Structure formats: C-alpha cells, structure tokens
Amino acid sequence: MELKYETIIGLEVHCQLLTKTKAFCSCPTTFGSLPNSNVCPICLGMPGVLPVLNKQIVDFTILMGLATNCTISNKSIFARKNYFYPDLPKGYQISQFENPICSKGFIEIELENNSTKIIGITRIHMEEDAGKSIHDLDIDTLVDVNRCGVPLIEIVSEPEMRSSKEAFKYLSAIKQIVTYLGICDGNMEEGSLRCDANVSVRKIGENNFRTKTEVKNMNSFRNVERALEFEIERQINLYEKGESVIHQTLLWDANKNVAIPMRSKEDAHDYRYFPDPDLVKVEVDEKWINEIKKTIPELPSKKLKRFITEFSLPKYDSEVLTTERDVAEYFEETIKNLNLKNPETFKLASNWIMTELLRVIKEEKVSIRLLKVLPINLAELIDAISNGKISGKIAKDIFAEMLLRGEKPDVIINKKGLIQLSDESEIEKIITKILDENPEVVVKFREGKKQLIGFFVGEVMKLTSGKANPKIVNQILLKKLNNAN
Amino acid sequence: MHSVSSYSYDDFLNQTPDNNNSVLNIVEKYLKNIELRKNINAFTEVYNEESIANAKKTDQELKSNNKKKLSGFVIAVKDIISIEGKKLTCASKILKDFTSLYDATVIKKLKDADAIIIGKTNCDEFAMGSSGENSSIGKTLNPVNEAKVPGGSSSGSAAAVAANFSMGSLGTDTGGSIRQPAGFCGIVGLKPTYGRVSRYGLVAFASSFDQIGPFANNSRDAARILEVIAGHDPLDSTSANIPVPNYLEKMNGDLKNLKIGLPKEYFDDSLNPEIKKSIELKIEFLKSKGVKFVEVSLPHTEYTIPAYYILTTAEASSNLARYDGARYGHRSKNSNTMEEMFVNSRSEGFGNEVKRRIMLGTYVLSSGYYDAYYKKAQKVRRLIQKDFLDVFKNVDCLLTPTSPTTAFNLGEKTKNPLEMYLSDIYTVSVNLAGLPAISIPSGKDKNNLPIGIQLIGKHFDEQTLLKIADVCENNLN
Numbered sequence: 001m002e003l004k005y006e007t008i009i010g011l012e013v014h015c016q017l018l019t020k021t022k023a024f025c026s027c028p029t030t031f032g033s034l035p036n037s038n039v040c041p042i043c044l045g046m047p048g049v050l051p052v053l054n055k056q057i058v059d060f061t062i063l064m065g066l067a068t069n070c071t072i073s074n075k076s077i078f079a080r081k082n083y084f085y086p087d088l089p090k091g092y093q094i095s096q097f098e099n100p101i102c103s104k105g106f107i108e109i110e111l112e113n114n115s116t117k118i119i120g121i122t123r124i125h126m127e128e129d130a131g132k133s134i135h136d137l138d139i140d141t142l143v144d145v146n147r148c149g150v151p152l153i154e155i156v157s158e159p160e161m162r163s164s165k166e167a168f169k170y171l172s173a174i175k176q177i178v179t180y181l182g183i184c185d186g187n188m189e190e191g192s193l194r195c196d197a198n199v200s201v202r203k204i205g206e207n208n209f210r211t212k213t214e215v216k217n218m219n220s221f222r223n224v225e226r227a228l229e230f231e232i233e234r235q236i237n238l239y240e241k242g243e244s245v246i247h248q249t250l251l252w253d254a255n256k257n258v259a260i261p262m263r264s265k266e267d268a269h270d271y272r273y274f275p276d277p278d279l280v281k282v283e284v285d286e287k288w289i290n291e292i293k294k295t296i297p298e299l300p301s302k303k304l305k306r307f308i309t310e311f312s313l314p315k316y317d318s319e320v321l322t323t324e325r326d327v328a329e330y331f332e333e334t335i336k337n338l339n340l341k342n343p344e345t346f347k348l349a350s351n352w353i354m355t356e357l358l359r360v361i362k363e364e365k366v367s368i369r370l371l372k373v374l375p376i377n378l379a380e381l382i383d384a385i386s387n388g389k390i391s392g393k394i395a396k397d398i399f400a401e402m403l404l405r406g407e408k409p410d411v412i413i414n415k416k417g418l419i420q421l422s423d424e425s426e427i428e429k430i431i432t433k434i435l436d437e438n439p440e441v442v443v444k445f446r447e448g449k450k451q452l453i454g455f456f457v458g459e460v461m462k463l464t465s466g467k468a469n470p471k472i473v474n475q476i477l478l479k480k481l482n483n484a485n
Numbered sequence: 001m002h003s004v005s006s007y008s009y010d011d012f013l014n015q016t017p018d019n020n021n022s023v024l025n026i027v028e029k030y031l032k033n034i035e036l037r038k039n040i041n042a043f044t045e046v047y048n049e050e051s052i053a054n055a056k057k058t059d060q061e062l063k064s065n066n067k068k069k070l071s072g073f074v075i076a077v078k079d080i081i082s083i084e085g086k087k088l089t090c091a092s093k094i095l096k097d098f099t100s101l102y103d104a105t106v107i108k109k110l111k112d113a114d115a116i117i118i119g120k121t122n123c124d125e126f127a128m129g130s131s132g133e134n135s136s137i138g139k140t141l142n143p144v145n146e147a148k149v150p151g152g153s154s155s156g157s158a159a160a161v162a163a164n165f166s167m168g169s170l171g172t173d174t175g176g177s178i179r180q181p182a183g184f185c186g187i188v189g190l191k192p193t194y195g196r197v198s199r200y201g202l203v204a205f206a207s208s209f210d211q212i213g214p215f216a217n218n219s220r221d222a223a224r225i226l227e228v229i230a231g232h233d234p235l236d237s238t239s240a241n242i243p244v245p246n247y248l249e250k251m252n253g254d255l256k257n258l259k260i261g262l263p264k265e266y267f268d269d270s271l272n273p274e275i276k277k278s279i280e281l282k283i284e285f286l287k288s289k290g291v292k293f294v295e296v297s298l299p300h301t302e303y304t305i306p307a308y309y310i311l312t313t314a315e316a317s318s319n320l321a322r323y324d325g326a327r328y329g330h331r332s333k334n335s336n337t338m339e340e341m342f343v344n345s346r347s348e349g350f351g352n353e354v355k356r357r358i359m360l361g362t363y364v365l366s367s368g369y370y371d372a373y374y375k376k377a378q379k380v381r382r383l384i385q386k387d388f389l390d391v392f393k394n395v396d397c398l399l400t401p402t403s404p405t406t407a408f409n410l411g412e413k414t415k416n417p418l419e420m421y422l423s424d425i426y427t428v429s430v431n432l433a434g435l436p437a438i439s440i441p442s443g444k445d446k447n448n449l450p451i452g453i454q455l456i457g458k459h460f461d462e463q464t465l466l467k468i469a470d471v472c473e474n475n476l477n
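Sequence order for the protein chains is D and E. Going letter by letter, the first sequence gives residues 1 to 485 in the working numbering. Going letter by letter, the second sequence gives residues 1 to 477 in the working numbering.
No lab work stands behind these hints, which were simulated from the structure alone. Do not rely on the hints blindly, as some may be mistaken.
[As the list claims (entries may be wrong)] Some residues of chain E that are not near chain D, with every Cβ distance over 10 Å (derived):
| id | residue |
| --- | --- |
| 1 | Glu35 |
| 2 | Asn65 |
| 3 | Leu101 |
| 4 | Leu202 |
| 5 | Leu258 |
| 6 | Asp268 |
| 7 | Asn272 |
| 8 | Glu280 |
| 9 | Lys289 |
| 10 | Asp390 |
[Unchecked claim] Quick list of in silico lysine to any residue cross-link-like pairs, SDA-like style, CA-CA up to 20 Å:
| id | chain 1 | residue 1 | chain 2 | residue 2 |
| --- | --- | --- | --- | --- |
| 11 | D | Lys20 | D | Asp144 |
| 12 | E | Lys379 | D | Phe97 |
| 13 | D | Lys281 | E | Ser22 |
| 14 | E | Lys375 | D | Tyr271 |
| 15 | E | Lys333 | D | Lys281 |
Predicted model, so just to flag it, every value in this text is computed and none were measured. Where a beta carbon is used, it is the ideal one built from N, C-alpha and C, also for glycine.
So that you can see chain D by itself, here it is in the shape it has in the complex (with noise of 0.2 Å):
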C-alpha cells in the first residue's frame, strides 16, 4: 500500500553554535554549568537592556551559507518573533524572518544506490537560543536561563526529501558539515543539534502538496528516522481510512515510539514577526565574505573522494575516514609520518585508525585528538610493522601500551626487547632443537597432518617470546620437514 504514497519531507534544523560568548551579551555558553549562573542582566531581560550582537555568529553564519552554497545577503535584519512563555525573559525571541543572512543553497546527498542527490536550502538564518524549563521535578516547574542568548542558526531546507533514509541521510550531511567547519559540536543528545521535520504524504503521480504535520523533539538521529516512520505511516493509514491529515505539531516520545500530537493550527502561535528596533542591520560587503571564504576547509564530501584517489582507499575505508574532520585530519597526519609511504601501507593506516582507534574512541567516548596516542607514534608503529622490526601480534601489545602512557612505540620495543627475531640462522637453530626434540610429531607431519605446522609454529613462539618472525619461521620449518623426505 504504501507503495501508492510518495513522502514530502523538508527540515528545520538548529545548531548552536561554539562561540565564547553569547549571542548579544558576554555572558559564556558552557554547557552543563550550574542552572542560572552563566548570566547577566541582558539575557536574563531585565528593564532597560539592549542587545549588542556577538560578530562571531555572523562570521559562523557565512561560514556556513558558503559550505552550502547560500547566496550570503549583503544586509539582513533581525526581527522579533514574539510569545509568552517563562524560559523566555524577554516575551520575545531575537530571530530573522524577512532578510534572512544566507538564503538559495544547496548540499549534495548520497542515496543507497551510489546515486546522489541535491537538497536545496531555502535559508539560514541567526537567532538565539531560549532558555529550558524543567517539568520534571516535584516542587514545580523550574526555569533554567543559562541557554537563554546562546547562539543559533536555523537551516531550513526544500520539501525535497523523499524518504525518512534521505532526511536521515541529510541530516547527517548538515551535521557533517558544521563539525567540520567547526560551528557546532553536532549532538543531538545534549541539544546542540535540534530538528524539526514538516511531513506529508501524496499519492505519487499528484502535483500539489497534501495537509503537512510538523514533527518535534525528536533528540537523536536514530529518533528522527523512527518518528518520521512512524509519521508516514500514520498519515497514509488515515487517507487509506478515508480520513484526512490535520495540520497540527506532534511530539515524538521517544519512550514509546508515538508522536503525540501536541497543538492544532487553529491555536498556533501567530509570532508578531516585526524588525528588532534594538539591532542595526547587519551589512556584509565583499570582503567580508572573501575572508570568510579563505577560512573554509575541504568539506567531507571533497575529502572522501580525494582519500580514494590519493591514498587508493576503497570507498568505506574513505568514508569511515572522513566522517569526523579530526579523524580525517588523524589519518592525514599520521601518513605524512610515514617513512615508508604506499599504498600498502596507507591501507595498513587506515586499518589501524578504522579498527583500533575509533573502538577505543567509540568505547572511551572521546575525541580522536585526546587519545595518547599522536599520529606521528603511530607511523612510526606502521612503520615498524612494515619493515618487519616487530610483528603484527606484538604491533598490537605496543599499541596498549602507547595508549596507556603515550610512549613512542619505539621506547616500548627497546623497554620490552620486543624486537622481533629475523635472523636465520637463530631460528633455524632454534627449530633443529624442536625438531630434535619432537621426533614423533615429525613423523606425524612426513606422513601427511600437515596441519602439524601449527604445532611447531606455537613451540617457536613460545621459546622465542612471540618474538619471531612468522614469515621466516614458516619458510625455515616448511622447509626443514619436508627436506628430509
């Protein structure tokens, strides 16, 4: 049945963004500070304050119109968006409306088939942040102020994503791309990240738009493609019923997997919108905009095409790679360090980043750039894999312990005597004494449980100390049982 439908998808997304200060006072925007103690009579509205707005945020703003492709508007206005609520101490909410400061963008979006698609942006623009009210206590309900003033942009995109796997994928394209530009820290969780999706459905072959819903507080990534699921799902149910979609706002309960309808459009805010006549307009010319442009770095979707072509990464290595900007730069890093510089051993990087250091980030849940571990350590590591000093096994050993004290492998390798052993003629004496020694096994091996291999392999570790060299150990072995034949 739902094959009939065809979604309408577009979203709302807010980012806070990482500047020192507020976005019209000079008060900090730490999160997790104690409640109420990250402000100032300006954000806290008292009698008389005006607001003086923070720089950074329209230099942020550009960045981000430019990584999206946004025409930047030379001048913009900030408007009032009025309503009562307690978190909001001024009864009203600094935001643009008519001249928002970019507008007319677009990114890029992989689909599942290796096709890709465009997403246009219809604006960007600058506001602040409201305050929180917590419900949730006994007492009453409590006001917390300290993200009152914190600076946002909202992006607010087409209609033009057409399953909850585009809007997923969007999503974290927008995400990818402020961490990168280094705006905004991207977690949903801790709310620096918010989206909002307006949803409808239509049979496919019609031309005009159905009633919309507007779906909220859906606080994760894996929320947002369940509630708009679920969204979709609701909606086609109703018209398959005969019934119709009512232009209301839902709120996603993530607890039980409902979005519950929240308020109707009949007592919908209507927000008084009027320019603020507090602030100037904010003028950008020229050369604004080309300072802005020399600070923006590759955007991910350059960077993983260029991982392919310059260091001959398969695809989901270059994609895992340049999910994170700090991971990407990890990785770039850490093959600048190397002495022995191929394709082998960029793979080799890349595994090593992929499989050991991303577990340890993903399990320690911190940044890539806090791990005692530099990248320069670990080329010197990969370096010493493959110029066969130690063996993978023993890589491994090293590698907790660099992750431990931030030691450079080579001080752990000399410390443990971990140098592997490659000199023939040592292990060759060491294998006459086990062959010697095991002259029952041999004859096993000569009369055809060439699995026995594994046997004398393991006694050569255990006397050398895992230290051996697994190639020559095997060469000299191999050679050794079947000579005497």
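Chain D is already provided as a structure; the job is to place chain E on it using the hints.
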C-alpha cells in the same frame, strides 16, 4: 537662596564656596523644597541621606580642587531609567517593588561627572501619556498652577525643575514627553537626536523613538547635562559614533546668517492665538538678531499621529512582554496555571493606558494586519523623514509651537484618549524623523501659564538649537 527664583549651575560656579553656598547647603535647600511641596508628587523616591552624603563628599572634593564637569549639579532622574540598587518602578504597579541590578549608561556618566542624583521622578506609566496622570502612585501637579497638568510623560522631571526641587533633571522623549511638559512648566527641555544618548538602562517604550534628554532652567544647564550624557555607547547598537561638541563654547550669541523655517502645517487654525502671538514676538526678536525666516512645508504632517501610534504601540507591545510575572515584578496571587499567571499578573499590574497601547500594538502586528498597519506606517515614517531632510536643505532649523495649548486642567482629557494624543501633535514628527528638538519658554498666556516654543534641528545639530535658545533666554532676562 533659591526658594523662589530658579538657581542655575552658573550661579553655583560664580559663588565662592563657603558654608552658605556649599553643595551641602544647596542639597539641603532642595530637599526642603521637596518636603514643602510634597503635594506636587514629583518623585517616586527621594534619596535624602545619600544626596547629603554625596554633597559632603563633593564639598571635600571641591576643597581639594577636584572639580568635575557636574560637581554639585543636583539632578533628578525619571523613574524609567535604571540606577543600580534603586527601585525602578516606571510608575507602574507591575514594577512596584522592583530593584534594578545595574546603572544605565547615562547614570554612570552622571556619577562619573560627580552630579548629585537627588531622586527618581514620577511619570506616566512606562512613559505613556501626555499629562502625568497615568501614574500608579498618582498624578503630578503643575508647580506653576496646581490645578493644571504638568504635561507628560516626564511629568515629575519637569515639575522638579520648575518647582526648584533640583537644578536639572533627566526625562525621556518618545513623542514629546520632554518638550511638552517643559512647555507646560515654563522650563527648557531638550530631546536629543535619536542615537545621540545611549538608551542602555532606559526602560523601553518604543525603542526606535525613545531618547533620554535634559530638563533645566536654562539652555546652558541643558547643554551641560547633554554634553555629559551624550556619546557613543558600545552597549547600545543604535547609539551613534559621532563626536560630542563642547556646546557651551559655541553658545556665543552670534545668530547672523541663520535661516529658520516656519512649517506652515504647524500654524493652522487649531493653534491657540495667544501662542501664535507669542511666537510672532519671538520671530521679531530673532530677526533683530540677524536671523532670516522662511515659510516651509512638511506635506505629510497630517499622517504623523496615526503613524506614530501604530509604530510606537507595536514596539511597546513587544517591549512590555517581559513583564509577565514569571521572573520579577508583580505576580498575581490568584493564578493556578501558567496562562493565568501571565494574564492575571499583566491585567492587575498594568494601567489602562498601557493596556490600551499593548492591545493596539498587538493588533497592528498580528498576521493579516501587519502590511496594512505596521508596514504602511513604516513607509509613512520614511516620507516624514524625507519631508524634514528636504526642508533642511534650505534652512538651519525649524521653529514651531511646542503644543497647541498651554497646560490644561487636571482630569480634562483623561476620558478622551484621542484628544490627549492630539496634544502631542507638534512634537511627535520629530521622533518619527529622529531629529533633535528643544522647547524653550516664551512668555505666558493670560492665565499666567507658560508658553513653550519648539526649535527642531538637523540630525546631531543640537548645537544650533542651544545657541538660539540661549539668545532667546537672554532676551527674557
């Protein structure tokens, strides 16, 4: 020393400080005057002990030759301007017990200049009104004739200067709230160019109109106060980064080569003939000083009042949203839900005129009406600004009446808001255009009530207004 005649800062400076003329003595006399005419109801709060302490301190400073720009200048401040640690009521029940956390920029500057702030003055609630009758602590009387209104909204600030409660005062002017009461009380009131004086710490009524300005007995004192409070403020994005001149230096009596425009729309039949007569005399006098006069036209004058009331109420409806009972100010005790708290706190806390303007402003901004009202009024505002800019290509300033009548009776217009609004007909266009203007005394009518005339200047040219005002005053003496 000054129980009858008005005392100026020049008088203070020309005396050698001794026990009789110490700052302490002056402050004590002002405090006594306030006590003697308590019925004027000019103050929301008088800082008795603090003023005396500051006066003693100033006397010490002066003895050690440590004179600042306003040392010993006793000033009253409209209770809509924030002073740290002091009540800030805006003459409203909703802020009856509210204490401010910080100093407004103008207050900081006055304190730095060693002025003595003697108290906070009564006004129309949130500066909304033209008679001083919309105050939660009761109306202010006109010291010249106690049966009359002092004008508004800076009623107490005008009355304080007129009644010799202080040497000068700060008022605020959104549509004439300095100039009209100055006219009604027979003193000088200056509304600076929009952006000349920082609004940081001024409780907003209509943000794109409000300006803080001085009241004084004469234009030299008004100039002194302006010079201290004016200038760019990083805390106010709309304050202009334009140097503040030394006004007194240029008040040299030379009016030759000045050309003043007389806008014909301001001299129609609705103007009281006595006021008209007074203006004609003033014109003759200024001509004798070498000033040339020319009739000019401001064609969009008739749209001034509607545009003003649409735009100011729109801004007010948003500016006054913060008084919701949630965080500070009056909170209704009879509320069970959040919405009830908002509605009841505001219904109980605001007076009728404030409610009227919030409703009007909410209406003109609501969806479906925005274009017809707010947007159109913005266009009219631009046309009115252009009228003035065109006229100022040919003249240095304009001369008009301050108000269509002299001070009216208490209670005379309280039943009819529209008639009350029309008492600002000559003053509001100045705020729409953001221009500076001054009201100066120009004799009295047959009932012995002061007549005010208004001079309107080019943007940031308060200088010319002060210079002309100064010459006119010398003629009076």
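Practice prompt. Measuring Cβ to Cβ, find out whether aspartate 268(E) lies farther than 10 Å from everything in chain D.
Written response: holds, 32 Å
Worksheet entry | Status of the stated non-contact between glutamate 35(E) and chain D (beta carbon gap over 10 Å) | holds, 29 Å
Fill in: Given hint tyrosine 271(D) paired with lysine 375(E) - CA-CA distance at most 20 Å
Roughly 16 Å separates the two Cα atoms, so the pair holds.
Worksheet item: Beyond 10 Å from chain D, beta-carbon-wise, is asparagine 65(E)?
Response: Holds, because the least Cβ-Cβ distance between asparagine 65(E) and chain D comes to about 36 Å, which exceeds 10 Å.
Fill in: Interface exclusion of lysine 289(E) relative to chain D, criterion Cβ beyond 10 Å
holds, 40 Å
Worksheet item: When you check the alpha-carbon spacing of lysine 379(E) and phenylalanine 97(D), does it fall within 20 Å?
Response: It holds: about 19 Å lies between the C-alpha atoms, which stays within 20 Å.
Worksheet entry | Beyond 10 Å from each Cβ of chain D, as asserted for leucine 202(E) | Given a closest Cβ separation of 6 Å, the condition is violated.
Fill in: Outside-interface status for leucine 258(E) - nearest CB in chain D farther than 10 Å
At roughly 33 Å from the nearest Cβ of chain D, leucine 258(E) sits farther out than 10 Å, so the non-interface label holds.
Discussion item. Against the 20 Å threshold, does the CA-CA distance of lysine 333(E) and lysine 281(D) hold or violate the hint?
Written reply: Cα-Cα ~42 Å, so violated.
Worksheet entry | Consistency of the no-contact label for glutamate 280(E), given chain D and a CB cut of 10 Å | Consistent with the label, glutamate 280(E) stays out of reach of chain D, its closest Cβ about 39 Å off (over 10 Å).
Item to complete: Compare the distance between the alpha carbons of lysine 281(D) and serine 22(E) with 20 Å, and conclude whether the hinted pair is satisfied.
Response: Given that 20 Å is the threshold and the Cα spacing comes to 50 Å, the pair is violated.
Practice prompt. Classify the label on aspartate 390(E) as holds or violated, using whether its beta-carbon is more than 10 Å from each beta-carbon of chain D.
Written response: holds, 24 Å
In the structure shown, a violation is registered for the earlier hints numbered 3, 4, 13, 15, in ascending order.
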